[in-house]
Amino acid sequence: MLVPLQCPAQNYAWGKPGLESTVAQLAKAAGAEVDESKPYAELWVGTHPNGPAKIEEQTLAEYLKEHPETVSADKAQQEECAKNGLPYLFKILSVNKALSIQAHPDKKLAEQLHADRPSVYKDPNHKPEMACAVTDFEALCGFLPLSETVGNIRETPELQELLEASEEAKALLSDEAKLGSVEEDQQKASLKILFSSLMNSDADLVAKQTEALKKRLEGESDLQMPNKLALRLVNDYPGDVGVFCAYILCYRVLAPGQAVFLGANEPHAYLLGDCAEIMACSDNVVRAGLTPKLRDTPTLCSMLTYRQPSHEGAEFHPGNMLEGRKSGEHSEIYAPPDPAVTEFQMERVVLKPADGSYSLEPSSYGSVVLVLEGEGSAKGGATSASDAESDAATKKAKHETDLKRGDIFFQPCGSSLSVEAKSDLIVFRATLKGAF
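Per UniProt numbering: the sequence shown = residues 1 to 436.
A few of these clues could be false.
Computed Cβ-Cβ distance ranges for the label pairs, DEER-style [as the list claims (entries may be wrong)]: (1) Glu57 <-> Asp355: 36 to 42 Å; (2) Asp204 <-> Asp402: 56 to 62 Å; (3) Gly151 <-> Asp355: 47 to 53 Å; (4) Ala13 <-> Glu148: 27 to 33 Å; (5) Asp222 <-> Gly328: 43 to 49 Å; (6) Lys54 <-> Gln224: 44 to 50 Å; (7) Asp236 <-> Ser174: 31 to 37 Å; (8) Glu420 <-> Ala207: 54 to 60 Å; (9) Ala29 <-> Glu312: 44 to 50 Å; (10) Ala76 <-> Arg216: 57 to 63 Å.
Under the rule of at most 16 Å between Cα atoms (straight-line distance), these lysine to aspartate or glutamate pairs were calculated in the EDC-like manner [to be verified]: (11) Lys228 <-> Glu218; (12) Lys422 <-> Asp402; (13) Lys352 <-> Glu329.
No wet-lab data here; the hints were simulated from the structure. Because the structure is a prediction, the values reported are computed rather than measured. Positions of the beta carbon are idealized from the N, C-alpha and C atoms, including for glycine.
Starting from the given sequences, assemble the full structure and let the hints guide the process.
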């Protein structure tokens with residue numbers, strides 16, 4: 001059975017305008033009014049208080065408190081959800097220009113930041129996340145190898161001049177022994193000096209060097225990465241130090257169906273395109289560039305892992321592109337590669353009319369389901385006696401329903417679900433890691 005949800009769109013400045021945005025298109029398809037003059041950046045599906053899903057006039061969180069049997073058969077999980085809501089937050093993003101240079105804190109730091117500055121960091125939870133491309137999707141994800149960063153610095157006079165205004169960075173750039181070290185700790189220490197010096201640069205000097213960079217790059221023909229990206233960033237964010245992160249962070253372009261995992265304390269910035277995103281239920285962001293919002297540069301520079309692609313734990317480096325694990329003929333499951341991250345996973349189902357009816361694995365935890373593209377139908381039902389006997393929980397649910405773009409549902413734990421396409425259909429399902 002599926003319980004229909006109404007979910008809010010967020011109008012952040014970096015979103016795509018009006019109906020150019022997939023978020024706006026989904027919202028309109030679900031019956032919402034769209035203001036063509038506004039950017040539509042994110043569609044939230046979950047219980048986070050900053051953008052809660054609703055079932056008619058009731059929030060999803062309230063519904064789950066009243067019907068804990070729809071969350072899980074496990075009493076401890078029921079109680080945890082009643083206290084804190086769903087452990088995951090699912091989103092659709094439509095990115096028109098770069099998001100901030102940012103990272104998300106681990107649990108310990110999140111608790112500290114929330115205790116110290118609750119008006120800025122509004123919850124005590126960590127926020128590891130994973131993004132699966134819906135269109136071609138550009139992002140900066142994690143640090144480049146130190147050797148590549150140093151090469152970029154030496155080929156970019158504006159960046160080198162900016163860094164050499166810092167005595168510590170200037171000394172490091174002339175120390176070939178440290179820059180050439182193969183020791184991970186030394187590489188991380190060197191990268192921290194370079195990144196921290198850059199992000200703490202004098203604002204007037206940043207303005208001067210970004211303008212010089214823009215003038216030089218506009219005068220060159222056949223620009224390649226990272227110069228091509230830097231020029232785009234300086235046009236969108238003139239005078240912003242984050243422009244120079246194009247020379248320090250890994251640039252990736254994900255094809256539809258490819259994903260990246262962004263663990264705690266890893267720098268990143270989404271740049272352009274649409275994606276489905278799943279994360280632990282938090283809204284904590286530490287920013288230091290490419291943003292008009294509050295910057296917390298000291299915290300960002302101190303919290304980062306400075307992990308590079310060759311270091312221990314490289315399998316968790318956010319520059320790695322992930323493929324989904326096949327689950328049946330028509331679906332793929334995306335789960336965090338880090339075993340310590342247990343809050344979420346998502347499934348992408350792609351069906352054509354000729355494929356017939358396709359059954360999804362039952363989930364041992366309550367899931368959210370979103371129809372991204374196409375039309376079809378769904379059939380579902382209770383698979384446990386307690387579910388079947390819960391009249392209140394099923395009153396607003398449909399055991400058979402038509403599916404169309406923009407539809408969003410809550411699927412109770414243990415319930416069956418099969419889908420069939422009338423036109424090419426793409427459905428995302430999100431839940432607790434390991435629930436199916």
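Structure-inconsistent hints, enumerated in ascending order | Violated hints: none at all, because every hint is consistent with the structure.
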